[in-house]
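Novice: These two chains come separately, so use the hints to put the complex back together.
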Amino acid sequence: MAFQSSEQASAYWRENVSLMLKLLAIWFAVSFGAGILFVDVLNAVQFFGFKLGFWFAQQGSIYVFVLLIFVYVVKMNQLDQKYNVHEE
Amino acid sequence: MDLQTLTYIIVGATFLLYIGIAVWARAGSTHEFYVAGGGVSPLANGMATAADWMSAASFISMAGLISFMGYDGSVYLMGWTGGYVLLALCLAPYLRKFGKFTVPDFIGDRYYSQTARTVAVVCAILVSFVYVAGQMRGVGVVFSRFLEVDIETGVVVGMAVVFFYAVLGGMKGITYTQVAQYCVLIFAYLVPAIFISLMITGNPIPQFGFGSTIEGTDTYLLDKLDGLSTELGFALYTDGTKSMMDVFAITAALMVGTAGLPHVIVRFFTVPRVKDARISAGWALIFIMILYTTAPSIGAFARYNMINTLNGPDHQGTLVSEAPQWVKNWEKTGLIKHEDKNGDGRMFYSGDARNEMTIDRDIMVLANPEIAQLPNWVIALVAAGAIAAALSTAAGLLLVISTSISHDLLKRNLMPNISDKMELRYARGAAAVAIMVAGYLGINPPGFVAEVVAFAFGLAAASFFPAIILGIFYKKMNKEGAVAGMLAGMVFTIGYIVYFKGIFITPMAANVPANWFLGISPEGIGTVGMLVNFIVAFAVSKVTKEVPAEVQDIVESIRFPKGAGAASTH
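Protein chains in written order, with my numbering: chain A, 1 to 88; chain B, 89 to 658.
None of these hints come from the bench; they were simulated from the model. Each hint should be verified, as a subset may be incorrect.
To be verified - Below, in silico cross-link-like pairs of lysine-lysine (PhoX-like), each with a Cα-Cα straight-line distance of 25 Å or less:
#, chain 1, residue 1, chain 2, residue 2
1, B, Lys564, B, Lys633
2, B, Lys563, A, Lys22
3, B, Lys363, B, Lys650
4, B, Lys509, B, Lys563
5, B, Lys650, B, Lys563
6, A, Lys75, B, Lys650
7, B, Lys650, B, Lys564
8, A, Lys82, B, Lys633
9, B, Lys563, B, Lys363
10, B, Lys564, B, Lys630
11, A, Lys22, B, Lys429
12, B, Lys416, B, Lys429
13, B, Lys563, B, Lys630
14, A, Lys22, A, Lys82
15, B, Lys650, A, Lys82
16, B, Lys363, A, Lys75
What the hints assert, rightly or not - Partial pick of chain B residues on the chain A-facing surface, computed with a CB cut under 8 Å:
#, residue
17, Thr169
18, Gly170
19, Ile213
20, Gln295
21, Gly299
22, Tyr308
23, Leu310
24, Thr326
25, Phe336
26, Val362
27, Thr381
28, Lys589
29, Gly590
All C-beta atoms, glycine included, are put in the ideal place defined by N, C-alpha and C.
One chain only, chain B, in its complex shape (with noise of 0.2 Å):
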């Protein structure tokens, strides 16, 4: 059967296991469109967590970036995964006590303030936005490479699917689909990295391949890595170019940014106790483990096999005829460009002038089975995990916009008194509305996605993260303080941003070490933000009124488990 019949029947098939979960799980009240009835199991939970958090960017991209930049890469695996550690001690147990529906719930009552809700709604909309655009992108790329239908039908098949499911099910729905989504996404994840471990190193655990020899040779991979990357006027796989301190930087705002991200605190609240809410952290942990320590082995195999098939055995380059496939499939798309500079109708690939090779990072997870040479079925099965992991990520997303605005922004703000069943009709409205708004987002993708991903983690650290910390840890925090740190962390952060990367407006400062402030780049730059908005917190509450002794209280009682009832809107 060929590849494109193929990959039809296997997304086919998981798309027809979504929608009838999602027919499964329809909601009935806003409890279960919000937190899905507060009554999953922390196991399904954690998968479900898992599969909403590793979206189209650490399923397709973050293999390839790390195979591209070796140590350097390891930002997003240490930075996409502490944030965990950081979730589970500090913020979900206190969250789920609280017992709220979302973060901007927690703001505006734990800063008794208006003001507070209306900041933290807008953030986590704009965050939310930012993230869904690339995940429709994603699940276009994959449509328009595989399955040979343009990007725009890709994206409104992706469209219908989640539309069908989150405004059906809304919570509830998600979270099944998503414990769906996550099997089928580790599985076509594992599936071919094993093969290649075991073709490479003769190990099947990728995690050990990774630190074998190369099958038939004593070398270690990494070693040979070293070499030939040193040979090819790249810098060394397992030094990098990044300062420390820019490592530093990157690595902790992706961390703390994660802790501070809505769409993954939301999931704490739909566990029935305090005790769940902690242990499904680590349930999520150890699903997401599985992919990122899986992903850093496939960075470093991907490497090896694409030099090698590129510059041929013999490393003097391979000839244009006899390209590989994969080579002549992905030139196609565009993602692979040759351009003879020598004349000698060869190709090569090295980091220095002789170089006459662009390749796409965003291509080598999907790649891979073909570099590899693997059956049909294997390319197939990328394929709907690569659909699977944007799609999840796409609806948890979806679910905080649409809860953002008829919770956060109607019934708390503009029209307390409306009733349950106008609540949820209002919450299906807006999940629809925000559907489009990401289709054509990701349709017609603003010139600046890749950029603002780096704006959605340092926004999320600069604002959420601080003032929930200080808000289970710190009694004596007051409104004023609150509020005026997170418009600190959040002007300086943006403005670091804007001045380098120009969104909007041209850059006023060329995007180079030598012009950064501390030698930090936009990307970790959350970092400094969180501590903006931590030091002009504590010295506003200082010189401003006390927190109320009632908020003082509520304070008091989400420091312990005992109580916890279900998330409710009062």
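Excised from the complex, chain A in its bound form (with noise of 0.2 Å):
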């Protein structure tokens, strides 16, 4: 076991896990969201060429992701850190 206890273990589950729901809710409110159940609501809106819900759908939602796995990425590094659980 690399944790000094298995509190440790089950806290940095717990932070790992809250992270990744915290994007997920992310993803899924670009993409599911934005994109396809409140498409016809933002559509309404401009966004210089155009329609704001089709945006999504087609260019936003993308960059969206990509965003994403950056920020796990880093937060996740830092996470490894704090608990010592990180390779060397």
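Specialist: Spelled out as structure tokens, the structure:
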């Protein structure tokens, strides 16, 4: 066991899962939310030459996906350091 | 120089490059053959993953599909990128820490069961063969149009090149070749897109041109397309015709299917550390994003260009005698057809009774440079890019098939005592046989290749994804639950698709929205199959024996990065 105690292990896991769920909530909101479920509402808004909902479905959601992965990488590296479970 | 000579030179040069890399990166052990020695840098791995992922379908078909589907085409854009978020956050790091070679390895060990391993192997092979047949076909189509050889010859040449570097180099050869193939394909995709964006909107960046006004007017491109669509009897370009439920289900099935595809997951076993597995998913998605945000722009430009050239500037139709060269070129291949219904000697394209054109969606990307009258070297480049996309994906899939046979079936199941050298020999043999079968399928495509693509994603979504997720996040999931879940998800998904699509049998009901379960098409049914898998797995695990303590310890140990060694057989 790399952790000092099982409390440490479950604390690390709790923080990891909570970060993951937060990011997945955003993932769901930009694609299934803005791009599909609320696309008609957002399409009433003009964003440059796009209807906003259409833009999320064909462009915006993909940019946000990339950001989410990089945020996850940075936060997880910090978390690994904090609990001293990072790799050499 | 004429187009054909140029195409031979450019395609030939890329082939030499791939073969040179293969010779340089020969594999000496199973460790190198299966996971490239586990020493690939995250950036290179991201690039290779992107090339592996972006197939002939992404390169050739997707922009064309979007061009004809408008908003409905978003299912492919979100579906085939969103899965990487799931991969990076929920799967890749843990599977890397687990440290084995294949997905069936994980399923078999985590669920301490040869049955689970066998179910996973069968799934992996099925999914990969379905996919690879389409790639070989793509190579054949490109060869036949641009090099004017028959599809058979094209497929054989493609097979020979893949054979060379996949059999020789295994994952190591494939990875570095894919890096080169990514560069070729992305360059080939962007150059015509930039040219066309400049021509139509005056903006060189296709992602911005997509939302700009048409050069010389105050009308936004998308508004113009909506206007043309209404006038010609199509659904609004920014609206589409699919129901919200169906768009939701298809997007979810493609996302989850992506995260469950074995040839994608295995890429994350090739990096040295857990940390690298996380970031290489990020790099992969950046490289994929470049193509996936360009595709819808190309779709819109191509639609605008096509309507204008076919119907003429006055929207009365173009005289057949004055038809542009690209129409004549593609008519020869049978992918564009004109039937002069009203006998006025003019071509007219619309979404209602006035329509006289039949246009194959697959030609949009390939014909786009011709439609926009770009120089010949751009057209030759697009041919090389399409071949790079098809070959890189085919190679990745062939590796999964050969690994499944030599490692999962032989080494871990039937003959556990074979030496590393023997196993490597079997892996090469299996790759060779797999290439033959793939080539045969490419030349004699079963009538249902297009249908079975939905099958591949649905199957991955309904089988692998839940089993892997539960294996990581739910310690109490036992082998009985996982196997029952995978079987239930698979049977449900296959049953639903066969019921409407009639693969091997005649369909039992018309494939129309009125007959669908909750309005979900066979393309999206993998989402429901996934839910069935989760529910059955939970229910069965509640009433069967608990997971052994040592397996629970394994699950504990994959949840943090420290101590991840190289991927290994034991």
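Novice: For each hint, tell me whether it holds in the structure or not.
Specialist: Hint-by-hint comparison with the structure:
no.: 1; hint: B:Lys564 <-> B:Lys633; in the structure: holds, 10 Å
no.: 2; hint: B:Lys563 <-> A:Lys22; in the structure: holds, 22 Å
no.: 3; hint: B:Lys363 <-> B:Lys650; in the structure: holds, 10 Å
no.: 4; hint: B:Lys509 <-> B:Lys563; in the structure: violated, 36 Å
no.: 5; hint: B:Lys650 <-> B:Lys563; in the structure: holds, 20 Å
no.: 6; hint: A:Lys75 <-> B:Lys650; in the structure: holds, 16 Å
no.: 7; hint: B:Lys650 <-> B:Lys564; in the structure: holds, 23 Å
no.: 8; hint: A:Lys82 <-> B:Lys633; in the structure: violated, 37 Å
no.: 9; hint: B:Lys563 <-> B:Lys363; in the structure: holds, 23 Å
no.: 10; hint: B:Lys564 <-> B:Lys630; in the structure: holds, 9 Å
no.: 11; hint: A:Lys22 <-> B:Lys429; in the structure: violated, 57 Å
no.: 12; hint: B:Lys416 <-> B:Lys429; in the structure: holds, 19 Å
no.: 13; hint: B:Lys563 <-> B:Lys630; in the structure: holds, 13 Å
no.: 14; hint: A:Lys22 <-> A:Lys82; in the structure: holds, 20 Å
no.: 15; hint: B:Lys650 <-> A:Lys82; in the structure: holds, 13 Å
no.: 16; hint: B:Lys363 <-> A:Lys75; in the structure: holds, 11 Å
no.: 17; hint: Thr169; in the structure: holds, 5 Å
no.: 18; hint: Gly170; in the structure: holds, 5 Å
no.: 19; hint: Ile213; in the structure: violated, 30 Å
no.: 20; hint: Gln295; in the structure: holds, 6 Å
no.: 21; hint: Gly299; in the structure: holds, 4 Å
no.: 22; hint: Tyr308; in the structure: holds, 4 Å
no.: 23; hint: Leu310; in the structure: holds, 6 Å
no.: 24; hint: Thr326; in the structure: holds, 5 Å
no.: 25; hint: Phe336; in the structure: holds, 5 Å
no.: 26; hint: Val362; in the structure: holds, 6 Å
no.: 27; hint: Thr381; in the structure: holds, 6 Å
no.: 28; hint: Lys589; in the structure: violated, 24 Å
no.: 29; hint: Gly590; in the structure: violated, 29 Å
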